[in-house]
Amino acid sequence: MRLPHLVLAVLMVPVMAALVVAGGRTLKGSESSVTVDQIDPGADMASQAGIDAGPEEPATSAIPGPAAPPPPPPVHSRAIDPDVVAPPELPTGELERIEPREPLSKLALAMPPKPKMPDDWNGTKLFQPVAPAAGLIDAKGYSVAVSGIDVVRQDETCTTDGKSWPCGVRARTAFRAFLRGRAVVCLVPPEGGRDLIAAKCRIGKQDVGQWLVENGWARAARGGPYVEAGDKAQSAKKGIFGSAPNLAGISAAPAALGPAPQAPGSILEEDGGVLKPADQPTPSE
Numbered sequence: 001m002r003l004p005h006l007v008l009a010v011l012m013v014p015v016m017a018a019l020v021v022a023g024g025r026t027l028k029g030s031e032s033s034v035t036v037d038q039i040d041p042g043a044d045m046a047s048q049a050g051i052d053a054g055p056e057e058p059a060t061s062a063i064p065g066p067a068a069p070p071p072p073p074p075v076h077s078r079a080i081d082p083d084v085v086a087p088p089e090l091p092t093g094e095l096e097r098i099e100p101r102e103p104l105s106k107l108a109l110a111m112p113p114k115p116k117m118p119d120d121w122n123g124t125k126l127f128q129p130v131a132p133a134a135g136l137i138d139a140k141g142y143s144v145a146v147s148g149i150d151v152v153r154q155d156e157t158c159t160t161d162g163k164s165w166p167c168g169v170r171a172r173t174a175f176r177a178f179l180r181g182r183a184v185v186c187l188v189p190p191e192g193g194r195d196l197i198a199a200k201c202r203i204g205k206q207d208v209g210q211w212l213v214e215n216g217w218a219r220a221a222r223g224g225p226y227v228e229a230g231d232k233a234q235s236a237k238k239g240i241f242g243s244a245p246n247l248a249g250i251s252a253a254p255a256a257l258g259p260a261p262q263a264p265g266s267i268l269e270e271d272g273g274v275l276k277p278a279d280q281p282t283p284s285e
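Going by my numbering, the sequence shown opens with residue 1, and the numbers climb by one from there.
Hints were generated in silico from the structure; no laboratory data involved. A quick note: this is a predicted structure, and the numbers were derived from the prediction, not measured. You may find that some hints are simply not true.
In silico BS3-like pairs for lysine-lysine, Cα to Cα no more than 25 Å straight-line [as the list claims (entries may be wrong)]:
1) Lys232 x Lys163
2) Lys238 x Lys205
3) Lys200 x Lys238
4) Lys200 x Lys125
5) Lys237 x Lys163
6) Lys238 x Lys163
7) Lys200 x Lys140
8) Lys125 x Lys205
9) Lys140 x Lys125
10) Lys200 x Lys232
11) Lys140 x Lys205
12) Lys232 x Lys205
Derived CB-CB ranges, DEER-like [said to hold, decoys possible]:
13) Glu99 x Gly141: 36 to 44 Å
14) Pro132 x Glu96: 47 to 55 Å
15) Glu191 x Ile98: 37 to 45 Å
Backbone N, C-alpha and C define an ideal beta-carbon position, used for all residues, glycine too.
Assemble the whole structure, with the sequences as input and the hints as a guide.
Below, the structure is given as structure tokens:
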């Protein structure tokens with residue numbers, strides 16, 4: 001088995017040598033010549049000596065600048081007929097006003113919805129009312145102005161026959177005498193805010209606003225339910241429309257009492273170097 005292999009190896013040697021020679025010739029034929037730039041020795045020496053050989057272009061001069069933006073596209077305009085683009089003509093007849101639609105929800109209302117009253121609700125009882133002025137009632141945390149009237153302020157003065165008198169205080173006194181601490185039923189919410197509320201009030205079956213206007217202790221509001229009663233009270237010169245109250249029957253203030261006797265500084269007094277009880281004042285009967 002070794003003899004064939006040996007023979008084969010001997011035969012392969014000249015074949016390999018022939019291939020090597022052929023490959024060398026191929027490489028020599030395809031070899032390209034390389035040209036080397038010659039360096040100018042004079043320029044090199046000038047640069048070493050510091051001689052300016054002339055301006056040189058910057059390294060970035062070879063970089064191209066930004067490209068110019070493309071030109072805008074041409075605007076194609078056309079003439080517009082004014083009769084076509086004009087708004088349509090309105091009808092010459094009168095415009096008809098229609099009612100606005102209902103709000104979609106209560107949240108769209110400008111004012112908050114009123115509190116829902118019970119079906120059998122006839123008013124709220126206000127116990128122990130206090131009248132800060134004629135037509136104003138404070139009770140149970142509420143501050144109520146009787147509706148349909150113009151409240152007479154406490155500091156208001158009236159002039160009758162050229163004489164001024166405090167008609168506001170007089171009207172408040174008359175209103176307090178009318179209330180007498182009785183419970184007042186007013187049309188105010190059972191629960192709600194405690195700001196000033198204009199409401200209709202009554203004591204029993206007596207309308208509070210009607211009583212104030214009829215007796216002249218309040219003025220009837222314009223367009224209110226008590227205008228006729230106010231005109232009658234003004235014609236009859238009742239209350240604030242009348243003359244100043246007569247104070248002749250009221251006694252004047254009592255005169256000031258004399259100075260009270262001064263008590264002695266001590267219950268003992270010295271007499272000849274001896275302390276004796278001092279004379280005590282006689283008690284007044």
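message: Given the hinted pair Lys238 and Lys163, is their Cα-Cα distance within 25 Å?
response: Holds. Lys238 to Lys163 sits at ~16 Å (cutoff 25 Å).
- prompt: Given the proposed pairing of Lys140 with Lys125, does the C-alpha separation stay at or below 25 Å?
  reply: Holds, at about 9 Å.
- prompt: Taken at face value, is the distance from the CA of Lys163 to the CA of Lys237 at most 25 Å?
  reply: Holds, at roughly 15 Å.
message: Holds or violated: Lys140 and Lys205, Cα atoms, limit 25 Å.
response: 21 Å, holds
task: For the pair we were handed, Lys200 and Lys140, check the Cα-Cα distance against 25 Å.
output: It holds: about 16 Å lies between the C-alpha atoms, which stays within 25 Å.
25 Å Cα cutoff - pair Lys125, Lys205: With a Cα-Cα distance of about 13 Å, the restraint between Lys125 and Lys205 holds, given a limit of 25 Å.
task: Take the C-alpha atoms of Lys200 and Lys232, compute the straight-line distance between them, and say whether it is at most 25 Å.
output: 21 Å, holds
message: So if I understand the rule, the pair passes when the alpha-carbon distance is 25 Å or less; does Lys200 with Lys238 pass?
response: 23 Å, holds
message: Quick check: does the Cβ-Cβ distance between Pro132 and Glu96 fall within 47 to 55 Å?
response: At roughly 52 Å between Cβ atoms, Glu96 and Pro132 fall inside 47 to 55 Å, so the hint holds.
message: Does Lys205 sit within 25 Å of Lys232, going by the straight-line distance between their CA atoms?
response: 22 Å, holds
message: So if I understand the rule, the pair passes when the alpha-carbon distance is 25 Å or less; does Lys200 with Lys125 pass?
response: Distance ~12 Å between Lys200 and Lys125 Cα, so the pair holds.
message: Taking 37 to 45 Å as the stated bounds, is the beta-carbon spacing between Glu191 and Ile98 within them?
response: 39 Å, holds
Of the numbered hints stated above, none is contradicted by the structure.
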